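*Asks:* Spelled out from the first residue to the last, the chains are:
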Amino acid sequence: MLQEESDLSLIIAQIVQKLKGSNLYSQLERQAWASLQRPEIKLESLKEDIKEFFKISGWEKKLQNAVYSELSVFPLPSHPAAPPEHLKEPLVYMRKAQGSWEKRILKSLNSMCTELSIPLARKRPVGEQKELLNKWNEMGTDEPDLSLFRPVYAPKDFLEVLINLRNPNYENGDSLSFRTHLGLIQVPLKVKDIPELKECFVELGLNTGQLGIDDSTQVPPELFENEHVRIGQKVLAEQDSAAAQQYIRQGSPTALRAELWALILNISSEPEDVLYYEQLKTNVIQHDLLVDSLIYKDVKLTASNDDYYFVFEDYLYQVLLCFSRDTSVLSHFAYNSASPPKSYIRGKLGLEEYAVFYPPNGVIPFHGFSMYVAPLCFLYHEPSKLYQIFREMYVRFFFRLHSISSHPSGIVSLCLLFETLLQTYLPQLFYHLREIGAQPLRISFKWMVRAFSGYLATDQLLLLWDRILGYNSLEILAVLAAAVFAFRAVNLMEVTSLAAAEAVLADLSTLKVMPLLQIFLFATVT
Amino acid sequence: MSRVLVPCHVKGTVALQVGDVRTSQGRPGVLVIDVTFPSVAPFELQEITFKNYYTAFLSIRVRHHPSAHTPAKWVTCLRDYCLMPDPHSEEGAQEYVSLFRHQSPSMTFPKWLSHPVPCEQPALLCEGLPDPSRVSSEVQQMWALTEMIRASHTSARIGRFDVDGCYDLNLLSYT
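Chains as they are written, first to last, in UniProt numbering: chain A, 1 to 526; chain B, 1 to 175.
One or more hints might be untrue.
[Stated by the list, open to error] Taking CB as the label site, the calculated pair distances span:
| no. | chain 1 | residue 1 | chain 2 | residue 2 | range |
| --- | --- | --- | --- | --- | --- |
| 1 | B | Arg79 | A | Ala500 | 52 to 62 Å |
| 2 | A | Asn164 | B | Ser173 | 20 to 30 Å |
| 3 | A | Asn164 | B | Val30 | 26 to 36 Å |
Calculated directly from the structure, the hints in this document are not laboratory data. Note that the structure is predicted; figures quoted are calculated from it, not measured. Glycine included, each C-beta is placed from N, C-alpha and C at the ideal position.
I would like the entire structure built from these sequences, with the hints used as guidance.
*Replies:* Written as structure tokens, this is what we have:
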């Protein structure tokens with residue numbers, strides 16, 4: 001077999017293996033059995049007839065969407081000799097750095113545990129379980145004493161780790177030269193330049209209609225908006241994930257967004273999914289986790305203080321507390337450079353049969369984590385659907401924003417992309433900011449880690465996240481960060497301190513993201 | 001035809017450098033690795049597998065004995081095969097690589113490696129994807145591979161995070 005054929009067979013085998021455990025597989029099996037009753041299914045041509053039936057009834061499309069989803073999320077199978085760690089992260093020094101960072105987080109959590117004498121997990125007494133069940137829909141009214149809890153880490157702590165990342169095989173030279181990185185990130189990852197970004201984001205070009213630009217009040221809707229909405233409705237009627245992903249690159253109409261995102265993420269709310277969510281809710285009621293307090297604290301500090309999102313406070317608890325108990329999230333660690341923290345049942349230290357993951361989903365929330373969920377509350381009001389969408393967004397995109405990896409959508413690459421774009425296309429601004437001690441990444445890092453949630457106005461944020469889904473990449477975050485600096489360049493050139501630079505960039509709520517991106521990519525003289 | 005690992009001896013790297021190693025400032029750009037095969041039985045080399053560590057281009061030369069009477073000569077099987085598309089960045093720097101016989105059009109093997117079957121034209125460039133129905137019938141042959149994948153991780157959802165209803169934990173473990 002030639003190499004490409006064996007690769008394709010391997011991919012097919014892997015996808016078949018993955019889908020065999022899914023609801024879709026049992027549904028397809030049931031449908032196939034049921035179809036035997038139909039007159040058009042003949043024994044002589046059984047296989048072909050059933051395939052035809054699937055095509056007509058729309059089940060083939062569902063299968064296509066599932067396969068497309070797997071291809072988007074899972075990396076291509078790597079070389080047979082490559083160990084599992086290689087799939088998580090191919091570069092050894094990055095794996096080591098992620099390991100050290102995780103160890104720091106674990107130590108921090110352990111010391112919080114011992115200092116406050118609070119167990120990592122405890123079973124709730126029956127009375128407390130009843131109480132929590134009663135106020136499940138208004139957990140925001142609770143005012144527990146969280147003063148002793150502190151977030152495990154904040155984005156700026158993580159930035160310091162990234163700044164200190166070094167490739168042991170990379171020689172920069174002792175003296176400062178052209179080649180020395182002027183920015184904070186010192187690892188030589190490959191990032192795209194503007195010509196490559198233009199090719200990649202071709203649908204954002206000046207000659208293509210965009211929601212966020214061509215739907216503004218001055219533009220007559222007949223020119224673009226009406227037709228775009230019509231196409232969107234057609235895409236939804238066809239229920240085609242790949243078509244939806246292509247369509248949404250030009251933005252999603254507000255009325256269609258919730259359904260489009262669900263189609264792209266391949267989320268359909270089957271009864272099994274609602275039941276699964278209810279099971280997670282039961283787990284929350286039964287066990288109290290230390291990370292719950294971290295979640296409470298985070299929501300109170302961030303989303304509750306935000307003008308746009310405070311109304312969704314209760315939803316945030318309902319999603320995040322369940323998220324921590326969801327063991328299906330563990331499967332994403334196969335392609336995440338991070339690993340879930342491990343613990344042992346009390347008294348059984350070292351015995352593998354009593355080893356468990358903590359929290360059950362392996363994800364320890366940090367300061368600002370709840371902001372990944374908040375914008376979704378505008379789109380989805382049914383808790384189990386909201387939950388599914390968030391979980392899928394996390395295991396496809398958000399996890400890359402807080403783990404150390406060489407992936408092009410990983411936070412390290414985004415930081416380097418941002419710095420490189422600024423240095424290359426706004427060298428004067430970059431140099432000036434460096435001189436006054438205001439390294440641009442120190443300001444933009446928090447925007448990118450949160451995918452701009454909490455910094456942009458919500459309608460603008462959703463237009464941005466449309467493109468994240470459409471291009472299946474987070475690179476647009478780095479491009480937007482650079483575009484924001486370009487937009488405020490004149491003011492930034494006049495400041496003389498880091499504090500003043502931060503003040504210029506403190507309020508992004510009036511920005512319109514699509515014009516900024518378009519101008520930066522397609523209308524700037526390079 | 002089953003495939004077996006051929007025992008080989010990989011010698012240490014030797015830098016190719018002009019001038020005196022001690023006084024020269026520059027780092028060598030070319031390193032040579034000698035690989036010898038201690039076993040004498042003839043074999044048909046199908047695949048070379050290795051893990052890269054920051055090598056940008058690879059050339060392979062084989063020492064060829066046409067017959068017992070003519071002197072041995074070196075034949076280049078692969079020249080400047082690109083492992084890292086951009087040598088100044090991390091792409092491909094630590095990847096696992098396999099090189100197959102069909103990838104080298106001029107790959108001839110010494111007689112003691114046996115007579116290779118005349119290979120098909122190397123189809124490295126895209127001729128379009130292979131026919132899916134043919135490929136899916138080959139999935140049967142790949143079943144052994146699927147078993148291997150199944151053994152490595154389960155795709156079924158694990159619901160439980162506790163051990164027999166107990167989730168009373170010690171501290172987090174560092175190992």
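*Asks:* Each hint needs a verdict: does it hold in this structure or not?
*Replies:* Status of each hint after checking the structure:
no. : hint                               : in the structure
1   : B:Arg79 with A:Ala500: 52 to 62 Å  : 57 Å, holds
2   : A:Asn164 with B:Ser173: 20 to 30 Å : 25 Å, holds
3   : A:Asn164 with B:Val30: 26 to 36 Å  : 33 Å, holds
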